[in-house]
Structures are given as C-alpha cells and as structure tokens.
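**Student:** Chain residues, written in single-letter form:
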Amino acid sequence: MTDSSTNMRLKLPIVCFILEIILIILFGVLVEYDHDTDARDFHNMSHHDYENDFYYRYPSFQDVHVMIFIGFGFLMTFLQRYGFSSVGFNFLIAAFSLQWATLMQGFFHGMHGGKIHIGVESMINADFCTGSVLISFGAVLGKTSPIQLLIMAMFEVTLFSVNEYILLSVLGTKDAGGSMTIHTFGAYFGLMVTRVLYRPNLDKSKHRNSSVYHSDLFAMIGTIYLWMFWPSFNSAVTAHGDDQHRTAMNTYYSLAACTMSSYAMSALTAHDGKLDMVHIQNAALAGGVAAGTAGEMMLTPFGSMIVGFLAGIISVLGYKYLTPVLEEKLKIQDTCGVNNLHGMPGILGAIVGAVTAAVATKDVYGEGLHDVFPLVAEGKREASVQGGIQAVSLAVTLGIALIGGLIVGFILKLPVFGAPPDTICFEDNIYWEVKEYKRETTQKKIDKE
Amino acid sequence: MTDSSTNMRLKLPIVCFILEIILIILFGVLVEYDHDTDARDFHNMSHHDYENDFYYRYPSFQDVHVMIFIGFGFLMTFLQRYGFSSVGFNFLIAAFSLQWATLMQGFFHGMHGGKIHIGVESMINADFCTGSVLISFGAVLGKTSPIQLLIMAMFEVTLFSVNEYILLSVLGTKDAGGSMTIHTFGAYFGLMVTRVLYRPNLDKSKHRNSSVYHSDLFAMIGTIYLWMFWPSFNSAVTAHGDDQHRTAMNTYYSLAACTMSSYAMSALTAHDGKLDMVHIQNAALAGGVAAGTAGEMMLTPFGSMIVGFLAGIISVLGYKYLTPVLEEKLKIQDTCGVNNLHGMPGILGAIVGAVTAAVATKDVYGEGLHDVFPLVAEGKREASVQGGIQAVSLAVTLGIALIGGLIVGFILKLPVFGAPPDTICFEDNIYWEVKEYKRETTQKKIDKE
Amino acid sequence: MTDSSTNMRLKLPIVCFILEIILIILFGVLVEYDHDTDARDFHNMSHHDYENDFYYRYPSFQDVHVMIFIGFGFLMTFLQRYGFSSVGFNFLIAAFSLQWATLMQGFFHGMHGGKIHIGVESMINADFCTGSVLISFGAVLGKTSPIQLLIMAMFEVTLFSVNEYILLSVLGTKDAGGSMTIHTFGAYFGLMVTRVLYRPNLDKSKHRNSSVYHSDLFAMIGTIYLWMFWPSFNSAVTAHGDDQHRTAMNTYYSLAACTMSSYAMSALTAHDGKLDMVHIQNAALAGGVAAGTAGEMMLTPFGSMIVGFLAGIISVLGYKYLTPVLEEKLKIQDTCGVNNLHGMPGILGAIVGAVTAAVATKDVYGEGLHDVFPLVAEGKREASVQGGIQAVSLAVTLGIALIGGLIVGFILKLPVFGAPPDTICFEDNIYWEVKEYKRETTQKKIDKE
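Chains as they are written, first to last, in the numbering used here: chain Z, 1058 to 1506; chain A, 1058 to 1506; chain V, 1058 to 1506.
Hints listed in this document are in silico derivations from the structure and should not be mistaken for laboratory results. Keep in mind that the hints are not guaranteed to be accurate.
Since the list gives no way to pick one copy over another, a pair counts as held whenever it fits inside one copy or between any two copies.
Said to hold, decoys possible - Subject to a maximum C-alpha distance of 20 angstroms in a straight line, what follows is the list of computed PhoX-like cross-link-like pairs (lysine-lysine):
hint, residue 1, residue 2
1, Lys1470, Lys1068
2, Lys1419, Lys1437
3, Lys1437, Lys1492
4, Lys1263, Lys1386
5, Lys1492, Lys1263
6, Lys1377, Lys1492
7, Lys1261, Lys1388
8, Lys1263, Lys1388
9, Lys1388, Lys1470
10, Lys1263, Lys1377
11, Lys1437, Lys1068
12, Lys1388, Lys1377
Same shape as in the complex, but just chain Z (with noise of 0.2 angstroms):
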C-alpha cells in the first residue's frame, strides 16, 4: 500500500519548514505586539485591567478555537479508515492558516505605521480565516495529500483575505459571523477546487466512503462542539456590550429551530423513516451559518428562529437531493457535503442579513445603531443601500471562490504534490503509520511460514 509517489518523507518536511521558516522571518520584520498586549503602551495610559480587550474576548477565542481544532477535526472522523487524516490533517492546515492569516488580514486591513499590530482580535480574525480553509478541506477529504492542503491553505487564506478586505473595508459590509466571507468562501471555493480534481474513478474506494459505528459517535463529537459554540464564533468580534450578547443569543435560538428541522426533514426523507446520521451531524448546523451575517442585528429571536428553520430544511434536502446529482451532472465529488452545510445556508444567511440590513431604522437600533451600522447612523448611507450592497457583497465572494477556486484546483493538479492514487482514497493508511495493518501484515508472513 505503499507508493514513491505518496512518500512524504522528503517533500512534507521541505514545504512545513520553508513555510514556517518564511513565517517567522516575516512575523520577525512586521508583526508587533497591539496597544493591549504590548507591556510599554498598556501601562502608558491610565487604564483599568478590566478594560483590555482580552476580557471581553478570549471566552469566545477559545469556543472559536475549540470549534477550529475539535469541531471540524472529529466532524470528519466519520469515514471509517480516515481518522487520523481528518484531525491530523486539520490540525496541520489549522496550525499552518493560523500563522498565514495573521499576516495576510494584518497586512490588508491591520497595519499601523508599516507594522501589523495583533492582539486577541486579530488572534480570532485568523481562526475564522482557518475556518474557511477548513470548510474547502471537507469538500476534497480523502483525495489530497497534506502537501496539497498545505498549498491550498496559502492560496485560499490570501484569497480569503482580499474577498474579506473588498467587503469589510471598501464596502462596508457587516457580516460579523461570516456567513459570506468565511462559509460562502470557504464551501464555493472547495467546491471548484474538488470539481477541477475530479476524479472519475473514485468508485474504486467507494467501500471506504464511509462510516462505521464509532466513526460515526467520534464524528458527533464534532458536531456537538461546532453546535454549542456557535454563538460564541458569531459574536466573537461584533462591538461590546449588547452586540456581542444579542448575536449570541439569536445564533443560540436559530441553531434550536435548525435542529428541530433537520430531525423532521430525515426522518422524512430517509429510508424507513430512520434518521440518518449524515443529516443529523451536518444539517443540524446549518442555523449557525445562515445566523452569520444578521445575528448581531436586531433580528429578533423569532427571526433568528424562522431563519434556523429554513436552513435545516434546505441543507437536509440537499444531502438527499441535491449532493448526488451534483456528482453525476456537475462531477463535483463534496465529501462531506460542504455545500449543504456551508454553501446553500450561507447564501440564506447573505440574504437574511441584506433584508434585516435594509429594513434598519434608528427607531429600532436607537444609538446602538451606531454599532451595527456606523455608515447609516453617521447618515453616510441609506439603510437601504446598505441591504444593496450586503446582497452585492454576496456576488463579490461567490466570484472570487469561484475563480480563486478554479486556479488553485489546476496548481494542485501538478503531479508533483503526492495526491493518493483513485484506489486508495479515504485511507489513513497512505501518510500515517497505522498499527494494526503493520500487525496484519506481520501475521499474516507468520502464517505462510
């Protein structure tokens, strides 16, 4: 099982030590501690200790990172034989992004005087950023080597950053939670890239594509872990105060309504009216991606619960209906159905987030809505021109993950990354050392003897 050309002896160390080496070297001439966590400019001003920003924040760092590292790394543990590879892998991309997109936002929207200063914000600004490359990495799992995610790791984070930086800074779109610059991204960009590395023979290890029973309680894990700590990834950088609160507690009731959907719609679509597990770990998540941009409005939690609903309903549909002919008609092989669960509910949740935008008024935000929108409070714009424009910004991100998408899917079809060949997709075997096949072999040499 064994292959020169999936040997990662040489090429993984070479591509994480360049990387990391050009890492260090640029965090060594740019990057600087932020006026919070820097010893000399916190104590130069009179402040209270409860005023840094690291109160009001690292909480939700640290649900965002436990949603980075344990939520999408056991999500993908449900294939039966790629354990290692959907944490391990995770892991390494996370690690590598991390880094990257700490530089790469520093440089599009942080820099002071030539330097990028960092503190907690920018620690979860580039969590999110991971998150995205973590969304592309479920829409190829199984058929890349880690050289590959390495790769598109760097390109999509760069990408990421300047889809990010056209909205936030010279659009002025809000979408605190992501569900356009970070789900939409992340899933469309996937999506192209796995569509340019089709791959017309994956049925040769279709008995791998697949869960077993454990596989599937490790893979809840996951999902339980992405589920509770989503209101804390939506209300993660919005304003302090009743921002941050209220963006929680909307994504809180639409993930409920979300969950309440998605049993009913697999039940209802599944074989013998049994719930499917595929649903219940991706759908049921759905309302924390379509909450993204208008959680830290004044959605109401009605609204936030009407919108939890749809995006259950959506996203199961598209596991039964829509995941197979997007294989079949498009040759797009999503893994684990990114576009169901990222792709379809961030759309949803770019709508939602145009419409409440648009329908703003001081009488509801009262001051707070200098918050939420500072353009429309400063009377800079209309409330609805800035519903325009979220709906324009959602164009902008589909367009650049499509064609982002479509130029890193031909780079990392260069055969020099140590892809595993159409046979041995979906098999930790290939770049870990896994024991019991070692074990297996030894026997069964024991045997003939």
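Using the hints, position chains A and V against chain Z.
**Tutor:** Relative to the frame of chain Z, chains A and V by itself:
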C-alpha cells in the same frame, strides 16, 4: 428489525414541525430582547460595556451548555448499541426543551408588560430546565421513542416551571444550583414515568443493556465534562461577585471529595475489589448535585468536602444495593440509575441547604446576606424560618415530580407514539440508519446467492 | 487474571478514606475563604462586582481544568487496553492532588494569620501542581497500582510545593506557565521514579504496550484539548491586563510553529515517510511547555515561534532516538515519553526564560516592568542577575526532582501497594471490571459444556 409501529417517517416530522411552528409563533408574539441585549435600551443609559451581564455570565453559560449537550449526551453512550440515540435524542429533546423552557419560565417569572424579556440569564435557566428533562431521559433510556421523549419534555418543562415558580417566587427558596428544582425534580419525575412504563419482559433486551469497552470510554467524556463544569453550573445564576466565586469553589471541593469516596466505595463493594465503571461514571458526580443548594451559602470548603464525601458513598451504595431492589420490588427500571446520581444526592443537597440556611447569621455573611438571603437580611424572615421553608420546598418538589410523572407516564403509554417492543430496546437500529447492519444484511444476501 | 496481591478491595478504600478524612480535618482547621470569596469581606469595602478576581481568572481556570482532566486523561488512552485506567486513575489522583496541593501551597505561600486563604487563583495553582503529578504518571503509566499513584501524588505534591516556594518566594524566579516548576519538575521526578521501579521483564507485556486505531483517536481528544487551552494555562496566573493577554498570544504562536515542525520531523524520521501518531499526539504540544517561562515576557510573537519551532524538533528527535537509548542504557522505561514532551522542552523553556529575563529593559516594558519583573523595576536587582537566578532555578528544580523521585521510587517499591506483575502491565482488567472479559469467559464455559 423494522416494524411499522415504530416507523418515524411521518410521526416524527409532524410532531417536530408542529412543535417548532408553535414555538416560533409564541416567540413572535411574546418574546423581546431584554435590557442588555437590545440595541436601543442598552445604549439608552450610560453604561460601561463591561457591565453588560454577558461578561458576568456567558462563560458560565457555555460551560453549562457543554454539560447539557456533551455531558448528558455522552454520559449515556455507555450502552453498546445505543450511542446514536443517546447523543442524538439528547440533542433533539434539549434543542426543543430550551425553546419551550424560555417561554414557560418567562411566563411564570419573567413577564414585563405582557412580554417575556430574554438574555444570557434566561438562556442559562432554559438550559437548567433542559437538564432536568435529560435526567428523566436517563431513567427511560433505551425504552422510548423520540416522540415519547418530545411529549415528555413538553409536559416536564411545564411542570418544572410551575415547581420552580412556587419555590423561587412564592416561597422564596434558595436553590441556585438546583439540588431540588433540577435534580430531585428530574429524577423522581423520570422514575415515576419509568414505573408507569414498566416492561415485564425487558429481559429480552438484556444482552444489549450493558456496555462495551469503547462505549464506556465515550461515556467517560460525558462524565469528565459534567464533573469539570459543575462549578460553573452551580454558580451560573448566583449573584455577581463573591457569590459566583464562592459557589464555584465550594462545588469544586465537593466534587473532589466525592471522587475519593466513590473510588473507595466502588472497590469496596464491587466484584473482586475491581473498580466498576458505572460507579466512576456516575457516583463521582454526586458531589456536584449535593452542593446545588448550599453551594452559594457560606458552606465553607470544609463543609463542601463533607457533603461531597457523603454523596459519593450514598451514590455507590445506591447503585450496588438499591437499584436492583427498585427494579425487582417496585418495578422501577432505572436505566442510568438516576435515583443514585440525581435523586438521593439531590435530597441530600436540599437537606444540607436547609440546615445551612437555618444557621445563617449577619455576623458570618455581613452585607453579603442581602445577596444570599434577601428576606432574612431585610428582617422579613428569621434564618430558621428560611431553613424550614427550604425543607418544605423539598416536599413540594417531590410531590409535583411524582404526581406529574405519574400522569405523564400514563399519557406516554398511549400506543400511538411508536415505542420499541420489549425485544428491541437499547438498540439504535430501530430509529437510526446503522450502516453496519445494512452491510451485514447485504453480505448475507450475497452469501445466499 | 486476578491475583490476591493486586486485589484492591480493602487497600484502596482504606487509603482513600484515610487520605480524604485527613484532608477534611486539615481544611476544617486551616482553610478560609479569601477576600474575593467571602460574603462579608467582599462586601466590606466598596468594590465593583467586576473587580472580583473571579472574572479575571475563572475562564482560564476552566480551560486549565479541562487540560488536567480531559487533556492529560485522554492523552494517555492511546494504549489499547488501558483506557479505563488512563482516564480513571488520572481522575482519581487529580481529585486527590488538587485538595492536597491547596494545603501544601497554602502552607508555603498563602498563610494569613495562621489560615490558608483560597479563591480562584489558589484553585488554578492547585490544578497546576496536579498537572505536575500527572506528568509523572505518564512516565509510570501501565506499571503502577492506584495506591502507588496516590502515594506518589502525596509526596510529589509536597516536594513540588517546596520547590515552588524556593523558586517563586525565595529566589524571586518568574515561571508563570511552569516550564520549570511544573514540566521539568514533573518529568524528571517521574523519570527517576520509573528508573527505580525498573522492570527487566516488562517485555512480557509488550504486546499491550501499543495503540489500536480507536485508542489513538481517543488520545487525539486529549492532545487537541491540551494544545488549544495551553494559552490559557500559561496565562492563568500572570498579572491582569496586558500580561495575561500577551502570554496567551505568545503561547498560541509558539504552539502553531511547533505543530509545523513536529509534522515535518515526524515525516522525516518515521518509517516510509509516514506520520507517526506518537509524535503528533505529543511533540506538537512541546511549544506550550517551552513558552511556559518566557510567555509572559516581551518575547514577541516572532521569538515565540522560534521557541515553538525548536521545541517540536527536539521533541520528535527525542521520541525517535533518545527514548530507546534511555530504556536500553539507563533502564528508564518512560511509557509516554515525558522526557520528550515535558522534560527537554521544559529545560528549553527555562533557558529561553533566563535569556529573555536577562535582556529585559525599562525601555521595552515601560511601567509594565513592575508586573513582570518587580524586583528589577524596583531597582533591587539587575536584569542580568534575574537571568542568572532563572538559570539557577532550573538547577534547583532538577536537583529536587531527581532526589525526590529517587526517594519516592524506593518507597513505591515496597511490596504492599499491589503493583501489577510484569506479565499484566498496560492492562485495565487487573484493577477494573471489564465486561468483555467476563463475557468471553462465560462464552468459553458455555463452549466447554
């Protein structure tokens, strides 16, 4: 293994959709953002952002949230073939209960001008109420359909809110961590339900009513999370400042002492002096339950440790000697032994709370007496009377739980909810698509040909 | 598989009960609520609730708590037949150690008028001390009875507190994240204990001293939680404000860089260029250990990344080349390779801390120098002297750990503690009721009949 009566294809979607649509309508009519989540209200007065209740309670909320979804969910995965249902039904009924609890608790003690005001504290309270439902779930685990569970949750949340209202609002009882309102109520409600649902032929499913090696390890994830975050649970809704701080610390020491006595008693009572996973998974948590009422009081770490120490002993003895008796003599089939983990330790906690309240003095509490016993501090009630009221509250809780469980048990007996037959209890395959079974069946077909 | 000498029926209960009763008595005599947990004291002066230390430190405490109970517990479940013991004994000795540490640490540096004052900071410190014991547990994993572990914990906590007192209170050393006090101490104490307990015939249990597929996945839960929450660990007891903030961020980047170098080195050194789970589970964490001392200093993100990068390389090289040598030449059987994860990276962290301290200037730290190096800020000590003291502290720590481990090792050799025989090491069934074994035995009986 499929039976038309347990087929959920139409029943489950109908129940879920109806319930969720009712929830959405009621939220639309009744629910509003509270002062700390509303954009206009929070900016209406001069506040510092750090005074928003979000920063006092959201980290605790997230810990409680983890206990509800990971803690309870995985604790129940110990059964060999019921992991999907344990985590999955836990997920479903919790998602429903927290929405319904928001309404019921708001209706009973959160109305402001005809509207229910919600924020992080109501989210914690909704999770607490959900916890009570999940305790009852533990008693009926493996023997109920998801529809029965949803119906049970609907009634139990309602009765929980009535009991909570009588205790906290009418009687002025203190029970921040819910020894009475959550644990005692949930346990005896569930025990009565399982009594009414008694299955004389349950031994036909006996071979599935036990654990395997890895299912016990999954369950330990649940145990450890419950154990770690119990300090957050008990302190989540106590007064700000020293109260939250003290409650968390008391619970921490109670749990540590409880773990020591649980291990001791497990080795003492179990076969061959070997430790029994059932005891470790459950009894070690009893210290958290027993510190639920008195945790916020000046119980002292020393007092907390004694309480935890006793709770561990009682709990292991319950598992070893009482559970078999309850099943044989009283026909109570308590799958998870909730009487030992929540029932008896809850009663212990209520008694400890009554005694600690009765001896409270201004000398010990200083001005802090207003936080813990406002009626005593204001001179409206003697400390000894407060102690008596606490004891009465336990009786009220037991009464409502037992009568409520009796009635709800009979409702659940109606033969329309798709309960599993006696021969297929403790089995995921009846409500879930389990891949292995499909494969085995296919294999058998191939073998026949 | 049962042996009267390893039977815990009386031994374990007696030890647990005696220890816990002593703890309860000492807590009753010596321990009091501190200013921020006492109802009267906290209300005695005019405080804002948000100034209570609970809000500064409790989220960090809970992260540390997760590392201790889930992180260490599950990290050690990698062995195929030792999952119950890994999580379960971890749970037992941690629950004991945190109580005992409260007393020992309080005795050495928290006495106020003859009383030990406790609150969230003492809870974190108790968890830290517990972490050190669990590191030593990693060295002797699979070869010790729970009684041996409790005895070891009792002595180790005591010696830890002595060493910590000498470093922090006598010498004025800075070591917020415990590169020296926790990691170096725990590792070399444990290595010396396992040296004294050397088992020449341990290869009789060799077939159990390895992982299986799912046990490695359980271990990854431990790894990822340790990795994610290490920023909270290192920053949990640093000064409020920029100090906590900076420490968390430095650790975050150190860990990210460490993960990159660990993957690189694993592919480079392992068989066929395949990644080795042992490296990923352990070496990727070395960056947290190595940032333990200097993390709170103005190490810069750039410096942190270099430290993490080196730590990952050292750690993988240790697993690959040093561990076999230690076992063969020095007779040190280090089950989890704590020398590679905690020992050498701890020494690296101490050296980095000494160098960073030596170059500290008022120019870089501003008024923040008082937080990080109070003696230097007050002019009582040159920065270079502080650096020298840091280096001396490492030597002191190594000395106390090695001599302490030597003595405690000989105590544990007494043949009354129920240690497992060489043939049944790394095996749960000796101390735990394992259901499968029972079933298999029953099956064999049936087959015979």
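**Student:** Would you mind marking each hint as holding or not holding in the structure?
**Tutor:** Hint-by-hint comparison with the structure:
no.	hint	result
1	Lys1470 - Lys1068	within (16 angstroms within a copy, 48 angstroms between copies)
2	Lys1419 - Lys1437	within (14 angstroms within a copy, 46 angstroms between copies)
3	Lys1437 - Lys1492	neither (64 angstroms within a copy, 57 angstroms between copies)
4	Lys1263 - Lys1386	within (18 angstroms within a copy, 49 angstroms between copies)
5	Lys1492 - Lys1263	between (23 angstroms within a copy, 14 angstroms between copies)
6	Lys1377 - Lys1492	between (36 angstroms within a copy, 16 angstroms between copies)
7	Lys1261 - Lys1388	within (16 angstroms within a copy, 49 angstroms between copies)
8	Lys1263 - Lys1388	within (16 angstroms within a copy, 48 angstroms between copies)
9	Lys1388 - Lys1470	within (16 angstroms within a copy, 50 angstroms between copies)
10	Lys1263 - Lys1377	within (18 angstroms within a copy, 36 angstroms between copies)
11	Lys1437 - Lys1068	neither (53 angstroms within a copy, 53 angstroms between copies)
12	Lys1388 - Lys1377	within (17 angstroms within a copy, 44 angstroms between copies)
In summary, the structure is inconsistent with hints 3 and 11 from the numbered list given earlier, while agreeing with the others.
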